[in-house]
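Given next are the chains, with one letter for each unit.
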Amino acid sequence: MAKAFKYGLKGIRGHLEPAERELLRSLFDDVISMLEPEERANEDPLAALVGLDTDAREPSDRALRRLLPNVMKNDDDASLEFRRYTERSLRENKIGALKAAALSLDREHLVLTPDDARHWATALNDVRLVLAERLDIRDDADADNVHLMQDWAQAEDVESYLALVYNFTTWLQESLVQAMVHSLDARR
Amino acid sequence: MTLSVALGPDTRESTQTGTVTSGDVLTAPDIPWNLVIWNDPVNLMSYVSFVFRSYFGYSEAKANKLMMEVHKKGRSIVAHGSKEQVEQHAVAMHGYGLWATVEKATGGSAGGSGKGKGKRG
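As given, the protein sequences belong to chains Z and D, one line each in that order.
First residue of the first sequence? That's 0 in numbering that gives the first Met the number 0, and the numbers climb one at a time after it.
First residue of the second sequence? That's 0 in numbering that gives the first Met the number 0, and the numbers climb one at a time after it.
Simulated from the structure, these hints should not be mistaken for lab results.
Using N, Cα and C, we set each Cβ at its ideal position, and we do this for glycine too.
Possibly wrong hints are sitting among the right ones.
What the hints assert, rightly or not - Residues of chain D clear of chain Z, computed beta-carbon distances all greater than 10 Å: (1) A60; (2) M67; (3) E68; (4) S81.
Claimed, not checked - Below are the EDC-like pairs computed for lysine to aspartate or glutamate, each with C-alpha atoms no more than 20 Å apart in a straight line: (5) Z:K5 <-> Z:D114; (6) Z:K72 <-> D:E86; (7) D:K71 <-> Z:D74; (8) D:K103 <-> Z:D74; (9) D:K82 <-> Z:D75; (10) D:K72 <-> Z:D138.
Please take these sequences and the hints and turn them into a complete structure.
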């Protein structure tokens, strides 16, 4: 069973069982492959180099749209224009955090620097956002229903399995954020 | 937002009294854009508050107040600035996984509250 993250003299420490590390690795990998931009044949290499993506579109997948939202509520044109300049680097930053978190899973005992912790927190958050879309969590009542699912013995279908995974990542992120808050307090 | 049920509420006593408010010290009269954070049922309340503290440098008290406003009213204006500044903040918030948009400020210096209350995006 995983242990909650704790802040101490050596930074933020955590402990995960092998099966939990495998689970997290596959979740991180899934979100990475969602975020990886498609290779395009006729792409202008210079534009790609400066992060410009003239073909960027608002994603059709709900989960991806939540990870890469429009910057303006009621102006799709302006949002699209903004997306062309920013989405590629946003994707790359998210992928970077997910890969960094996945890398640290090679060790049983986690010791996280402040940067590692930030990567972990955003990686877990992105995983939870994707799982929440798959679980159709639209409001607080939906979220409460999913929280009721706590017993792995009851996992009999994909939905209940996803709910358990969601609750595990929620618990893990909450414990990590508490440890990060303690480290923030300690530094002030 | 959601409060994790797995861990109890953080019972640590806070010794912070809220003196740090450096992130939003724009004083020019022509600062017509707002950064808005929207509520969602996934992001943890503790995480949202942590992001406000660590990214904007807000005090614990201010970060919690803004977080509760997002949670209860559905949205909160958490920063003001030029269009470029709030757009930069928005990208940073998207990096953290928070649901952020930018909008033109309407009518004077609304100090981080008020408009669009109760709306759920």
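Against the structure, the hints come out as follows:
no.	hint	in the structure
1	A60	holds (13 Å)
2	M67	holds (14 Å)
3	E68	holds (16 Å)
4	S81	holds (15 Å)
5	Z:K5 <-> Z:D114	holds (16 Å)
6	Z:K72 <-> D:E86	holds (13 Å)
7	D:K71 <-> Z:D74	violated (25 Å)
8	D:K103 <-> Z:D74	holds (12 Å)
9	D:K82 <-> Z:D75	holds (17 Å)
10	D:K72 <-> Z:D138	holds (14 Å)
Violated hints amount to a single one, hint 7; each of the other numbered hints is respected by the structure.
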